[in-house]
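*Asks:* Protein sequences appear in the order of chains A and B.
Residues in the first sequence are numbered from 1 upward in steps of one, following the working numbering.
Residues in the second sequence are numbered from 1 upward in steps of one, following the working numbering.
It is worth saying that the hints were derived from the structure and are not from the lab.
The model shown is predicted, which means the values in this text are computed figures rather than measured ones.
We put the CB at the ideal spot given by N, CA and C, even for glycine.
Fair warning: there could be bad hints in the mix.
As the list claims (entries may be wrong) - Distance ranges between label pairs, derived from CB positions:
(1) B:D140 <-> A:T34: 20 to 28 Å
(2) B:E171 <-> A:A105: 51 to 59 Å
(3) A:A98 <-> B:G4: 31 to 39 Å
(4) B:R68 <-> A:L113: 54 to 62 Å
(5) A:A87 <-> B:F180: 26 to 34 Å
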Amino acid sequence: VRGARCVAVLAVALVLAGPAAASESQPTLAEIETEVVCPTCHTTLDQSSSPVAQRMRNFIRARIAAGDTKSDIKQRLVEDFGEQVLASPPKRGFNLLAWVIPPIAALAGALVLGVLAVRWSRGRGSTAPEPPAADAALDRRIDDELARLDS
Amino acid sequence: MAVGLRRAGQVLAIGVVLALLAVLLWRVVKDSEGGASAALRRGEHPVAPDFDLERLDGAGRLDLESLRGKAVVLNFWASWCLPCKREAPLLEAAWKRWRPKGVVVVGLDANDFKSDARRFAHRYDLSYPIVHDGPGRLLDDYGLTGFPETFFVRPDGRLASWSQGELSAEEIEAGIRGAFSG
Chain A
1 VRGARCVAVL AVALVLAGPA AASESQPTLA EIETEVVCPT CHTTLDQSSS
51 PVAQRMRNFI RARIAAGDTK SDIKQRLVED FGEQVLASPP KRGFNLLAWV
101 IPPIAALAGA LVLGVLAVRW SRGRGSTAPE PPAADAALDR RIDDELARLD
151 S
Chain B
1 MAVGLRRAGQ VLAIGVVLAL LAVLLWRVVK DSEGGASAAL RRGEHPVAPD
51 FDLERLDGAG RLDLESLRGK AVVLNFWASW CLPCKREAPL LEAAWKRWRP
101 KGVVVVGLDA NDFKSDARRF AHRYDLSYPI VHDGPGRLLD DYGLTGFPET
151 FFVRPDGRLA SWSQGELSAE EIEAGIRGAF SG
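So here's chain B without its partners, still in its complex pose:
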């Protein structure tokens, strides 16, 4: 009886250690993958990591998958980010110009107060959809290193290209054209 209990205890202890090792390994592998931006750097075009987030420009939520069939300009920003302030009017202009041609600009506000983000959108007169990821859960999936960063998503849902830092109007245009041609 005692021997059986001891054996069961040993098996349990080994099982717990193996499970912890598996979790550690999974975490290390996941971190080393570097997210979607690293895949793009390797020349791959993975499907854009999906999200379903609360909208700040109105009621309800926005699911990235619901935009399949359209090219998406996915801009990660925060109200406290200085380059985002210069970039926002350019994104608004691109949204107005490209919207009739099947392009959606989505602002993904992360690590930010919702009230600050709404104030920012109002101040810069932004009319494109804005979603909120306060905890920044998507940042690892996309492999973000800072704000702003912009991903161009093809109509089939795959990532076409990505850009770190503030974009110029020409770079936004080129990104959108690349999303349609790629």
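Only chain A is shown next, with the shape it has when bound in the complex:
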């Protein structure tokens, strides 16, 4: 059973890795357009029709035709326009924080919510008022009063 699971996981990984590798070695204009920002309008290239966006599209088409990989093309754009040209910050240096902080914050939030939920549910379980301690003298007095009323 364990062997079969390993084979299944490997198969899924291979299925997912195939398109990713193809996208890197044979990128399309449409996909790079969504990963690059127009420097004058600050939207992704697919949303822009500015002159510089048009020029960038021509550049990307020419580089794809020349056989460049997606990373090569993006690197060349960064050399001319700086890292701001990338829609997602690169996963290194200070920019790494943009990738690391959101999942950590989400995890921390989930933990806080979990702890609060546990505390709340425990708190709800113990909210029933405890019965007052028996007071023998008071009981005897009440019985006496009731007996007197009956008589």
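Dock chain B against the given chain A, drawing on the hints supplied.
*Replies:* Showing chain B alone in chain A's frame:
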């Protein structure tokens, strides 16, 4: 112990929120200032925001501060900008005419491919210094709204005047004279 930890957590959370608010406030104030062009519109003459950028007309870099003592015509342009094509020959003519009198024309190419900018300079036979600000980091400092825009810098480094859009030869002359007289 638990109370101490809780208090520390609260202090940390408040500190983070205050820091984020401070960053937001700084950004809002910086944006509302409008850069050097807004200061000129208010009648002020601030020191031209400094830069140290890669030269496209040759090797090395150009630092604006190194031009102190000379009047500077700082022209923001890009190769894809149509009015820049008509303006470039006028700037080249002004550079040739005024250079011996202590004027430097600097072309600041922004939001552009370096190769396109070099091709543009070659096509229009530009001999004045050209620097490259691909990401356009200086555009906010100068308060640019488009291309071309030109700033005239006095020899003391302060801005004399600024013009939006394509300049005529007469406007370039007037700008240079204003930089010397102001």
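*Asks:* Hint by hint, note whether the structure agrees.
*Replies:* Cross-check of the supplied hints:
Restraint check, D140 (chain B) to T34 (chain A): a C-beta distance of roughly 26 Å satisfies the suggested window 20 to 28 Å. The hint said 51 to 59 Å for the Cβ distance between E171 (chain B) and A105 (chain A), and at roughly 53 Å that hint holds. At about 33 Å, the CB distance of A98 (chain A) to G4 (chain B) agrees with the hint of 31 to 39 Å. A hinted range of 54 to 62 Å holds for the C-beta pair R68 (chain B) and L113 (chain A), which are about 59 Å apart.
One distance hint, 26 to 34 Å for the beta-carbon pair A87 (chain A) and F180 (chain B), is violated here, with the actual separation near 46 Å.
Of the numbered hints stated above, the single one contradicted by the structure is hint 5.
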